[in-house]
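Student: Spelled out from the first residue to the last, the chains are:
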Amino acid sequence: MLRVEGLVVRYGAIEALKGCDLSVGAGAAVCLLGANGAGKTTLVRALAGWERPVAGTIELQGRDVTRLPPWERQRAGLGVVPEGGRVFGDLTVEENLRVSGRDADTRIGLELFPVLTERRTQRAGTLSGGERQMLSLARALAGRPRLLVIDEVSFGLMPRAVESIFGVLARLRDEGMSMLVIEQEEARALGLCARAYVLSQGAVQLEGPSGELAGSEALRAAYLGGAGSAAG
Amino acid sequence: MSQYVLSVIASGGVWAILTLSLNLITGYAGQVSLGQAAFFAIGAYAAAMLSTRTGFGFVPAVLAAMPITGVAAAALGLLALRVKDDFLVFATIGVNFIVVAILQYTDAFGGAQGIVAIPLPAIGPVTLQIGAYAGLVVALALLAGFASRWVERSWLGYGFAAVRQDELAARTIGVPAAQLKVVAFALAGLLAGLAGALYAYFLGNVFPQNFAFVISIQVMAMLVLGGLGTVPGAIVGAAVLTALPEILRPLADYRYTIFGLVLVITVSFLPGGIMGHGGLGDRALGRLRPRRAAT
Chain A
1 MLRVEGLVVR YGAIEALKGC DLSVGAGAAV CLLGANGAGK TTLVRALAGW ERPVAGTIEL
61 QGRDVTRLPP WERQRAGLGV VPEGGRVFGD LTVEENLRVS GRDADTRIGL ELFPVLTERR
121 TQRAGTLSGG ERQMLSLARA LAGRPRLLVI DEVSFGLMPR AVESIFGVLA RLRDEGMSML
181 VIEQEEARAL GLCARAYVLS QGAVQLEGPS GELAGSEALR AAYLGGAGSA AG
Chain B
233 MSQYVLSVIA SGGVWAILTL SLNLITGYAG QVSLGQAAFF AIGAYAAAML STRTGFGFVP
293 AVLAAMPITG VAAAALGLLA LRVKDDFLVF ATIGVNFIVV AILQYTDAFG GAQGIVAIPL
353 PAIGPVTLQI GAYAGLVVAL ALLAGFASRW VERSWLGYGF AAVRQDELAA RTIGVPAAQL
413 KVVAFALAGL LAGLAGALYA YFLGNVFPQN FAFVISIQVM AMLVLGGLGT VPGAIVGAAV
473 LTALPEILRP LADYRYTIFG LVLVITVSFL PGGIMGHGGL GDRALGRLRP RRAAT
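Respectively, the protein sequence lines represent chains A and B.
Going by my numbering, 131 is the number at position 131 of the first sequence; the sequence numbering is gapless.
Going by my numbering, 415 is the number at position 183 of the second sequence; the sequence numbering is gapless.
Fair warning: there could be bad hints in the mix.
Partial chain B-side listing against chain A, Cβ under 10 Å, derived [said to hold, decoys possible]:
1) T338
2) A379
3) W382
4) R385
5) G389
6) R396
7) A401
8) A402
9) R403
10) T404
11) P408
Across the chosen pairs, the derived CB separations fall in these ranges [said to hold, decoys possible]:
12) B/Q411 <-> A/P159: 38 to 44 Å
13) B/L313 <-> A/R63: 22 to 28 Å
14) A/G156 <-> B/I330: 47 to 53 Å
15) B/I330 <-> A/R146: 43 to 49 Å
16) A/G19 <-> B/K316: 28 to 34 Å
17) A/A55 <-> B/Q411: 28 to 34 Å
18) B/L295 <-> A/Q184: 56 to 62 Å
19) A/A76 <-> B/R487: 51 to 57 Å
20) B/P482 <-> A/T126: 44 to 50 Å
21) B/R487 <-> A/T126: 36 to 42 Å
22) A/S23 <-> B/D317: 36 to 42 Å
23) A/A55 <-> B/F319: 56 to 62 Å
Think of the hints as simulated: they come from the structure by calculation, not from any bench.
Model, not experiment: these values are computed from the prediction.
All C-beta atoms, glycine included, are put in the ideal place defined by N, C-alpha and C.
Let's have the full structure, built from the sequences with the hints guiding it.
Tutor: Here it is, written out as structure tokens:
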């Protein structure tokens, strides 16, 4: 579904991604862990098409999308839930869902999040943080994506909202949606996804089945060890 | 109604159409243009030249001026893709000056003498006197208002709003932001072309100075006063700022000072404008009608 090879992204002199390799199989749920500054956000930006990598390729369903603008990647099957949700505050919930295109499917998201149906005609700017994240996810789903990239969806939310969003993600996973989940809350992410990558210092330090990684020494080391391995 | 009142109404209608045109670019799509008078000029000169030099009648001249201006505006929209925010403002101001200079110094466009003796507007055998003309212009302004509203509530309008609020997020969820900006400019060009053509027939003569930079400021003042991004705002703003200098006749010489003051005061104290969200009109109407969700 998604194959990233040798991705390098530079901000001026700083190399934020130093040859990142990663893949998400069809119907697989994969999480991406890492400390702050590990390059997770940069990877999402590169996947979404906000940053132009200086090297490497991004393939979506076998198609090279490395040079495509963001909106064409969406057409190619990518659904992004950006950090903070980034919903359109001046538009209503329903309008937010319809904005992705004339053929947008507003029902999927409304079915998954009944609260959005209640708030359908309300401006997105008046929603709570959790509802905004739900709307952002529903908005991505309206474009009928084949792969969801979800960036820090739990950040700053009440536990109950996080619970409800992860419940929906689990349901989507069970229905066969491919997803790449970027999370700070590692336990939750490992619980949701079968496989995990740990990013550190702009490259993948560790990957493996979530069951093996959860609570393991190797995971700790990959989190912290980025600094150590950078020296070596 | 006196001829004088009718001509104020006719010019108010023209300004309303031009303000609606700016509303498409700036109010909906969030691309600030301070060069709207350039499109206004292109529409006016297109109609004036077609009618005086090629013998086009009123209706064909107006209908031709619209797509001509639309194409010119789309071309500028393409250029505008390269610049954003403040730089777009500067670029559009520049375009205003360039267009006026071309009109001023090119003989083909009549130079400083402009284009004179545009025939009276006529539909078929019927010549439109000022009363009928004012009625027609106001009707077209309302039609432009309905058309704008239709765009606002369509997928295109949601796309414009998304680009205005968060261009990156919009592009990420599949909105072709660059294309939409060009479409916004093209649609705005159609309306500005209509306004310009109607203005040319209203004045009977057009000169480069009718389309100077202050006109762009005037239209922006009308839109901001009425309420950026709203159709009623564009129309009310145009009506108020057309009527105000006429009512305060002794102050007519200071009209541009008034426009400037209106801009500063509105932005400082009533950023939503009269008809915008939280504006005076919105609050007054809000008491009368049950609160409809987020329009």
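Student: State for each hint whether it applies.
Tutor: Results of checking the hints against the structure:
no., hint, in the structure
1, T338, "39 Å, violated"
2, A379, "19 Å, violated"
3, W382, "15 Å, violated"
4, R385, "9 Å, holds"
5, G389, "9 Å, holds"
6, R396, "8 Å, holds"
7, A401, "4 Å, holds"
8, A402, "7 Å, holds"
9, R403, "4 Å, holds"
10, T404, "5 Å, holds"
11, P408, "5 Å, holds"
12, B/Q411 <-> A/P159: 38 to 44 Å, "42 Å, holds"
13, B/L313 <-> A/R63: 22 to 28 Å, "26 Å, holds"
14, A/G156 <-> B/I330: 47 to 53 Å, "48 Å, holds"
15, B/I330 <-> A/R146: 43 to 49 Å, "47 Å, holds"
16, A/G19 <-> B/K316: 28 to 34 Å, "32 Å, holds"
17, A/A55 <-> B/Q411: 28 to 34 Å, "29 Å, holds"
18, B/L295 <-> A/Q184: 56 to 62 Å, "60 Å, holds"
19, A/A76 <-> B/R487: 51 to 57 Å, "54 Å, holds"
20, B/P482 <-> A/T126: 44 to 50 Å, "47 Å, holds"
21, B/R487 <-> A/T126: 36 to 42 Å, "40 Å, holds"
22, A/S23 <-> B/D317: 36 to 42 Å, "38 Å, holds"
23, A/A55 <-> B/F319: 56 to 62 Å, "31 Å, violated"
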